[in-house]
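So the protein lines, in turn, are chains A and B. Residue 116 in numbering that gives the first Met the number 0 sits at position 117 of the first sequence, with consecutive numbering throughout. Residue 338 in numbering that gives the first Met the number 0 sits at position 339 of the second sequence, with consecutive numbering throughout.
Certain hints may be false.
Claimed, not checked - Here are a few chain A residues that face chain B, going by a calculated C-beta distance under 8 Å: (1) A24; (2) L34; (3) V35; (4) A79; (5) A99; (6) F271; (7) G337.
No lab work stands behind these hints, which were simulated from the structure alone. Glycine is no exception: its CB is placed at the ideal position from the N, C-alpha and C atoms.
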Amino acid sequence: MTPDPHPPAPSPALVRDLRRRLGDAAVITDPDRLLVYEADGLPHYRRRPSAVVLPLDTDETAWAVERLHGAGVPVVPRGAGTGLSGGALAGPGAVMVGTARMRRILALEPANRRARVQAGVLNADLSRAAAPHGLHYAPDPSSQTACTLGGNVAENSGGPHCLKYGVTRRYVRGLTVVGAGGRVAELGGDAGPGAPDLVGLFVGSEGCFGLATEIEVGLVPVSEGVRTLLAAFARLEEAGAAVTAIIASGLLPAALEILDRATITAVEESVFAAGYPRAAAAVLVVEFDGPDSALDDEADRAEGLCREHGATEVRRARDPDARAQLWKGRKKAFGAMGRLAPDMVVQDATVPRSRLPEVLGRIEAIARAHDLHVANVFHAGDGNLHPNILFDRRDPAWVARVEVASREIMEVCVEAGGTITGEHGVGLDKRPYMALVHGPAELDAMARVRRVFDPQGLWNPGKVLPDGAEGPPWRRDAPPRRAGVRPEAAPRTLEELAATLAEASERGWRVDPLGDTPGWADLELDCRRWGDVERYEPADLTVTAGAAMPLSTLATQTARSGQWWPVDGPGLEGATVGQVVLGAPESAVAARLGGVRDLVLGLALVTGDGRVLRLGGGVVKNVAGFDLVRLVVGSRGALGVLATVTLRLHPRAAVDRSWVLQAPRPEALMGPALEAAALDWPPVAVELGWDDLGATLAVRGMGSAAEVAELRHRLGRVLPAAREADAADGALVRAGLRAPAVGAPGRAPLAGPAGAGDELLARGRTQADEAGAPFAGWLAVDRGRGWVALPGGAGPDPGAGLDDAVAREWAAGLKESFDPAGILPPGPFPAGEPTP
Amino acid sequence: MKGGEAHGPLARALAGEAEALDTCVHCGFCLPACPTYVRLGDEADSPRGRLHLMRAVAEGRLDPVSDAFQSHLDRCLGCRACEPVCPSGVPYGRLLEHARATAREARTPAPATRGFLRLFASSRRIRWVFGLGRLARDTGGARLLSRLLPRMGRLGALRRALLMVAGSAPWRPGVLGGNGTDAASEPSPPRPPPPEATGFATAGVLAGCVQGALYARVGRATAAVLEVHGVDVRPVPGQGCCGALHAHAGDLEGARVRARANIAAFERAGVDRMVVDAAGCGAAMKEYGHWLAHDPAWADRALRLSERTLDVHEAVAVWGPRRGAPLVGTVAYHPPCHLHNAQDVGDAPLRMLAAIPGLEVRRAQGPEECCGGAGIYGVTHPELGGAIGADRARALADTEARCVATGNPGCMMQIAAHLHEEGAAMDVAHPVELLAESYRRAGWIRTRPGGP
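Using the sequences and the accompanying hints, generate a full structural model.
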């Protein structure tokens with residue numbers, strides 16, 4: 000799918016059509032005016048589009064894209080043009096579709112903690128609109144005052160506070176997408192649990208799959224209190240060590256940011272001088288948020304750790320003004336550095352946190368070797384580096400040195416187990432480095448996925464994937480095969496597993512990776528030996544384990560380092576890591592700690608046709624290419640056989656308590672459950688489990704002693720009758736609850752707005768009654784997600800939750816791109832419908 | 000696209016500012032701050048886009064005669080809301096003046112702009128026209144005539160101009176009650192002691208053009224307030240228009256002529272400070288040093304005046320406003336762009352209003368945007384200026400205050416005109432008028448500065 004080097008520009012007749020429908024002001028074709036669209040936030044790339052159109056809504060966008068694609072004209076989406084990878088640039092022949100006039104907040108539902116917006120709404124404007132309701136939108140890229148949510152979706156944007164809250168993908172619930180040819184698809188939303196995660200796959204696709212015109216996002220309560228510390232260090236390594244110590248201590252700061260000496264100098268010499276200590280080699284900004292009463296204790300502990308690791312000075316901010324002052328230098332560092340030289344590249348890469356000091360030293364050496372000025376700002380908690388390289392684009396030799404140094408920095412980061420971009424995206428700029436992190440098979444898999452969404456390659460061509468990424472099409476008569484490797488029913492290596500599946504595909508033998516589709520398998524695969532920990536890095540909070548490892552074993556091993564993989568819910572007893580990853584059950588603690596989909600960083604998968612794909616990586620922020628990991632998680636074995644997974648761990652909290660209330664029927668507990676979930680500082684989990692014998696509500700608090708004490712105090716008002724228990728494993732909820740095991744048939748998803756628990760229960764009861772089953776089930780009340788048990792049922796139908804015809808077609812295409820011979824069970828994927 | 004050679008000399012005018020242009024790193028933080036971008040959605044109507052067009056001209060990639068360069072620079076309000084949010088400190092206002100000079104040299108400006116500049120070129124003409132305006136205002140003729148004109152088109156612009164003239168009518172002190180009676184007749188508190196070591200003892204007040212013709216009362220209030228604070232306010236004969244409108248329209252030479260006249264007048268008067276109660280004029284005078292930096296005979300003198308120019312809010316803040324008699328009621332404060340963005344005077348007006356007992360100060364919801372007045376913008380871009388003005392007036396009306404306070408005559412007229420259009424019964428006053436009224440009620444000022 001190499002883009003056409005000379006695509007046709009829109010014809011005069013087409014331009015006339017566009018003007019007639021969208022209005023003259025919304026169609027720009029004057030080449031002089033188009034100059035301003037030739038660059039985004041990385042201005043040394045210049046490409047002038049043939050035209051810019053500025054539609055008002057989904058209909059206008061779809062109409063314009065239908066006409067343009069119909070004429071073979073490529074289309075490039077653009078938000079505010081603040082991106083730092085050259086992603087929002089359209090070359091000659093291409094037309095840019097801007098979202099600048101799609102600025103309406105369509106719905107704000109405080110009770111359900113969610114909002115629906117048009118793509119051009121600014122990140123900060125959404126938080127501002129939600130503020131009167133005590134809510135905000137969590138991901139906060141440094142450009143949040145200017146960047147659009149549509150752009151955030153395209154790039155899967157991060158930000159300083161993503162350490163605790165996670166990146167964009169975690170907050171996007173649903174999308175309205177204008178796809179190839181102007182076809183409109185509704186993805187996700189309340190109908191979607193159990194369906195393939197097309198929303199998660201679309202987020203971060205950099206405009207290569209389509210344009211999201213409407214976005215439904217989750218909102219989170221504004222923290223009641225915030226404490227911000229600024230610690231100065233005489234050596235950068237000491238700051239790095241302090242970060243590691245803070246993370247290891249079990250504290251979970253909202254943000255951990257480091258600025259190095261060069262950055263401090265730039266900031267202090269700018270109009271945004273923040274009063275940072277100029278003598279310091281590094282300053283560390285540490286922020287905690289949560290219930291006010293708990294924060295001083297956390298800040299004290301962090302301050303102690305900073306001092307222990309050599310901090311020469313620690314400042315603390317309590318009020319918003321002082322806090323803004325401490326943040327000012329960090330938030331404005333990028334612009335402040337712009338004053339030091341005519342041009343600057345803001346590089347972006349992620350490394351495992353423990354490798355930060357070493358990598359920084361090597362970056363410094365690279366800068367010295369090429370006589371460059373490099374200033375570092377980074378999200379230290381995530382290991383996400385931003386080396387800023389200063390230069391002058393009018394000096395070709397200087398530009399060449401920057402290019403060489405950029406590549407060397409990327410190589411160093413990849414060697415250290417990292418990736419080439421943590422949050423800025425690949426765009427144009429990182430395309431040459433894609434082969435550093437992905438092999439030909441992975442690039443080919445991404446290209447095939449892209450082709451499912453955009454068969455003609457007319458969405459943002461020439462971005463993300465290097466030219467020639469897509470390999471030759473799979474042919475039934477010649478699956479990939481490695482010489483000398485024989486297929487085995489109990490494979491010991493990835494190669495053997497691959498050979499087995501290639502052989503099975505060739506012969507049409509059906510394989511059932513999870514073993515939960517009765518009557519499917521022709522060939523019984525035995526992967527039980529894939530059950531060891533391959534690599535455990537407590538300092539980085541990551542573990543790579545074989546898919547067959549029992550969850551309980553993983554828990555035991557990580558507990559030794561005071562860590563856990565925070566997935567919790569009924570029916571997990573006896574499950575393997577692979578079953579949980581492929582089943583992606585609702586997790587009770589997902590509202591605070593992320594769901595299964597947010598907690599898988601990488602995996603090794605053998606596709607139905609025997610290709611080995613090593614997807615994702617070992618770092619917590621990674622936007623290098625399309626997120627196929629997201630698609631595999633929850634795919635129930637439909638895409639391939641899972642070999643290993645790399646998981647994001649969390650430190651165990653110091654205190655972990657539950658408050659339990661019981662009643663004969665779940666309906667009686669829903670009121671208090673919703674009240675507990677609506678607390679200003681919500682508990683970590685609010686779960687309701689029930690069967691025909693009775694119902695139990697468990698509310699869980701986790702954190703420092705002070706934080707849990709605060710929750711106890713507040714729950715005392717909402718759930719005065721609740722019994723407090725040490726219920727770290729959530730066993731109390733499930734005591735007596737006959738939960739079908741994960742992956743086993745019999746769980747029908749229940750999902751709705753977070754505030755609609757009563758309605759969900761009513762719906763579940765009806766389903767159980769209709770099936771003639773006793774009413775049993777489970778709900779994560781704070782998220783409006785759960786299931787009702789329908790014993791004997793076959794689980795959700797393939798394609799359930801995918802009501803949209805376009806979405807079904809995409810899902811079927813994705814399944815086919817991983818398993819062209821159809822030897823794997825359908826899982827949640829609908830059967831392919833013949834495309835015209 | 001033509002090559003750099005074809006329009007070399009013009010491009011060079013901007014190329015001289017290449018270093019300032021290069022400070023822009025294209026981050027886009029300025030986009031949401033720009034009233035025209037927010038409404039139109041075209042990046043060519045954003046500060047970053049305009050800077051990019053300027054850079055293209057400087058690089059010889061764009062002809063300054065082109066529609067793109069001309070129309071997008073012309074459409075800029077010059078509100079400089081982009082400057083406070085710029086992390087790189089791009090001197091946008093200065094670059095805009097240079098770019099407009101380049102645009103103007105390349106192509107004759109629109110008739111409306113030309114007409115206005117011709118008007119402002121002669122103080123005799125200004126007196127004459129605004130004298131007529133004052134007459135139309137005071138007899139009610141302006142408002143009457145405006146009712147007969149259509150909202151759109153050429154006559155719409157005239158209608159707007161008439162509404163603005165009508166809007167310059169004085170505020171009615173009655174809307175902000177006191178203790179029931181006129182405090183001047185009551186025993187007055189002691190006059191505040193003269194200032195100790197405040198840095199200046201004498202001051203001149205810029206009479207200005209529009210200011211002098213339609214807002215003479217504001218000048219009187221400024222002088223009266225300064226006198227309460229013990230300042231010897233002296234006349235500055237020979238002063239005239241500050242040149243801001245010329246500079247904004249790209250007539251830098253015209254602006255310099257006016258600057259030199261004012262510098263000479265200031266020097267002759269021998270006062271310590273020039274106090275300005277029109278934010279647009281004060282911002283311009285603070286730029287005199289920059290305007291005349293390349294004129295060896297004037298550079299130092301210009302810089303001296305720039306350094307000695309104070310906005311009236313800054314001047315009063317030197318001592319801090321006194322607590323006079325109460326003005327009971329509510330006032331909505333609108334920050335003029337040329338005070339807040341160009342002069343970085345943000346808190347002083349709020350402190351001035353807060354010093355008045357009984358006065359409740361409200362802020363409009365949403366972004367504190369330009370009112371759309373922007374010099375002659377309301378007349379040259381009636382539709383866009385009108386839309387921006389209407390939004391601002393609505394936001395101010397929503398505060399349900401009795402009165403709007405803002406420290407720039409252009410804003411006062413624009414806001415008053417749009418409040419009238421929105422049917423909001425709110426008076427418009429300069430903050431110093433309110434302070435003067437408070438002082439007057441306290442008995443510290445004997446005359447009534449609030450007269451017409």
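Going down the list of hints, with the structure as the test:
{"no.": "1", "hint": "A24", "verdict": "7 Å, holds"}
{"no.": "2", "hint": "L34", "verdict": "5 Å, holds"}
{"no.": "3", "hint": "V35", "verdict": "4 Å, holds"}
{"no.": "4", "hint": "A79", "verdict": "5 Å, holds"}
{"no.": "5", "hint": "A99", "verdict": "4 Å, holds"}
{"no.": "6", "hint": "F271", "verdict": "6 Å, holds"}
{"no.": "7", "hint": "G337", "verdict": "3 Å, holds"}
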